[in-house]
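For reference, each letter of the sequence shown is one residue, going 1 to 754 in this note's numbering.
Hints listed in this document are in silico derivations from the structure and should not be mistaken for laboratory results. Just so you know, even glycine gets a beta-carbon here, dropped at the ideal spot from N, CA and C. Take these hints with a grain of salt, some might be off.
Said to hold, decoys possible - With a cut-off of at most 27 Å between alpha-carbon atoms, the simulated DSS-like pairs for lysine-lysine come out as follows: (1) K289 x K256; (2) K630 x K682; (3) K122 x K48; (4) K139 x K379; (5) K443 x K457; (6) K48 x K25; (7) K71 x K82; (8) K48 x K70; (9) K679 x K630.
Claimed, not checked - Label-pair distances were calculated between CB atoms; the ranges are: (10) Q735 x A693: 38 to 44 Å; (11) D318 x P234: 26 to 32 Å; (12) V311 x Y30: 52 to 58 Å.
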Amino acid sequence: MAKRKTPEKIPEDIEELALSAYTEKAYLDYSMYVILDRALPHVGDGLKPVQRRIVYAMSELGLSAVSKHKKSARTVGDVLGKFHPHGDSACYEAMVLMAQPFTYRYPLVDGQGNWGSQDDPKSFAAMRYTESRLAKFAKSLLQELGQGTVDFAPNFDGTLEEPTLLPSRLPHILLNSTTGIAVGMATDIPPHNLREIGGACIHLLDKSRATLDDILEYVKGPDYPTEAEIISSPEDIRRIYETGGGGLRARAVYEKEKGSGDVIITALPFQVSGSKVLEQIAALMNAKKLPMVEDLRDESDHQNPTRLVIVPRSNRVDVEGLMQHLFASTDLERTYRVNMNVIGLNGRPQVKALLPMLREWLEFRVETVRRRLRWRLDKVEKRLHILAALMIAYLDIDEVIAIIRNNDEPKPVLMSRFGIDDVQAEAILELKLRHLAQLEEMKISGEQDELAKERNKLQETLGSERRMRTLIKKELQADIDTYGDARRSPIVQRNAAVAISEAELVPSEPITVVLSQRGWVRAGKGLDVDPLALAYKSGDAFQSAARGRTNATALFLDSTGRVYGVPAHGFPSARGLGEPISGRLKPPDGARFLSVMMGADEDRWLFASSAGFGFVARLGDLVSRNKSGKAVITLPVGAEVLPAARILSLTEDLVCAVGSGGSLLAFPVGELPEMARGKGNKLFNVNASLFAAGEESMIAVAVVPRGGKLRVESGKRHTLIRYAELEDYLGSRGQRGRKLPRGFQTVAALSVEA
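The task is simple: from the sequences and hints, build the whole structure.
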């Protein structure tokens, strides 16, 4: 028996961990990295890490709003090499978005060169061609950076430090649109107007218990960098701000040009391409789904960034109806998702409503200003400490000089003689001889007085919540006056657009729909098409035809008694062999199509089965858009559906039914009931026992109008029976009728001729 191998001992420096536990921890670590360090913005400065690093790297390069532009590749190189070790194309694209005025409501980067266009935002040139610097608005993010306002952390390799946040003076999280997809969560924050958001912040500083309704007096809704209308209702906008999520609808702005009657689109929804809209409209025109439009033109230029021209076919076209249809069927109206998911001050992602988000940003702003004031107070106190020593040096300049000349280590002597500390003694020793003449008592005393006043003011502000709020309000108002502008996106409540139905768009032209025995369908223009003269596939032949118009619905009856509705304008031309109608529908397995019907809703048709039952139905009651059809005829056991017959007059038409025994029965169509569905009443007296045995049935039925003729076919022979001659076969509904002439008692089919 073989000995069992003892497992090797695991070295002490190797940790043993279950694979499931390791993979779970690795995935969670990756998820948190994506959420916190890549995809979601922070409520404090409203930036993702890559955006923050781009702005910071540009400030470190000295690319302020008043400096010269530098190659974008230089900025991207610094960002990647120092702070953000990821792909250069992704970093450059993030930088491009911050420079596009049609993407950012308040751009952070001022670009020079090709930075894309509203028609094609990704058509920007490579980073080696474009130049950039920070926009004026970026100062609101960087102005207080070097004043102890935010924490710094080591960069990815520990050689440099970068700010964990930027000390934003404005609620940037709501001013520029932000989108991001993390692991298991996403964010979509719409842009807003600075004056509205700033006014709401000032109101919250005045009244900390303000409600959402109070805030909505200032914030009317999002403000996209386009003049397109926001058409969501006030209730929908309020719901978004109350929950932090929802949807917004924006619609293009158009006007009717005087004289020509052309429709001019002057503003498109946010991130909608004018060329794509024209492609969508052109596709509708090519599909003949927009007959009221004659031509399209793009007349956009530098002076008119958006000018799309739609030329109606005539002055009689309802422009309002046309535009409603285009709003519903193209990107001229678009819905935007709102999901205000941000990383809060606690470092956790959360979907925040408007009021909590503003309050949290104000908390961040208050702490930022407090840190700035403390940093300044520390600087002032240190300077006052030094000035006290310099005043001593001025008053006893000769003794100070003597101590320095006569002692190898004068610092302890100075500290002992004048009662000063190490810092003050070092400041005296670092004075240069040329500065001694400047140490005038009045200058030192004057600087001490100014700094003392500033220190007292700083201490008062830091010690008073009311003074702190007043200071923040003043700074907010100053920035609003500097960077604020008027609203661009008007808010206009409108109903959702509704597209015109295809039937209304299709021109009304006469057609003849032809159905073959194998279920192939096609349509010929006009009402004079002869279905029997058309070519059919080998083994196929004519089955049924109906005359109507292109904007109507063609109804098909199958062998199971179901009726299907199909728009007539979509059938292939009669010049070809057509297409299987089953491809557009979902009939039961093995079902055959027997009849095609067209006409007005009030038209009547006769439906019957081989068991001898039938009824009259309105065409309008049979219409169904369901691909599985609508059950109309209830079949007795063993019965088959007979082709439907059209009724022209309920008072004059005669129903003609033929039994398998060669008997013909004619009776007024008015004796039949009108039903929407069912088995119907007995038309022809079929013996039940013989029918069950398969020895007798009603084999055909037709409806003959006054002046028409009944065509009776038997093999290759046929005979015509005039309407007046049918009097010989007249009887009551449910009888067996009278035998047809010899030679026609084995009837193959019935049909009607004019």
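Now the hints, each set against the structure:
1. K289 x K256: It holds: about 22 Å lies between the C-alpha atoms, which stays within 27 Å.
2. K630 x K682: holds (23 Å)
3. K122 x K48: holds (20 Å)
4. K139 x K379: holds (23 Å)
5. K443 x K457: Roughly 21 Å separates the two Cα atoms, so the pair holds.
6. K48 x K25: holds (24 Å)
7. K71 x K82: Holds - the C-alpha atoms of K82 and K71 are around 17 Å apart, at most 27 Å.
8. K48 x K70: Within the cut-off at roughly 23 Å; holds.
9. K679 x K630: holds (14 Å)
10. Q735 x A693: 38 to 44 Å: violated (22 Å)
11. D318 x P234: 26 to 32 Å: Since the Cβ atoms of D318 and P234 sit about 29 Å apart, the hinted range of 26 to 32 Å holds.
12. V311 x Y30: 52 to 58 Å: holds (55 Å)
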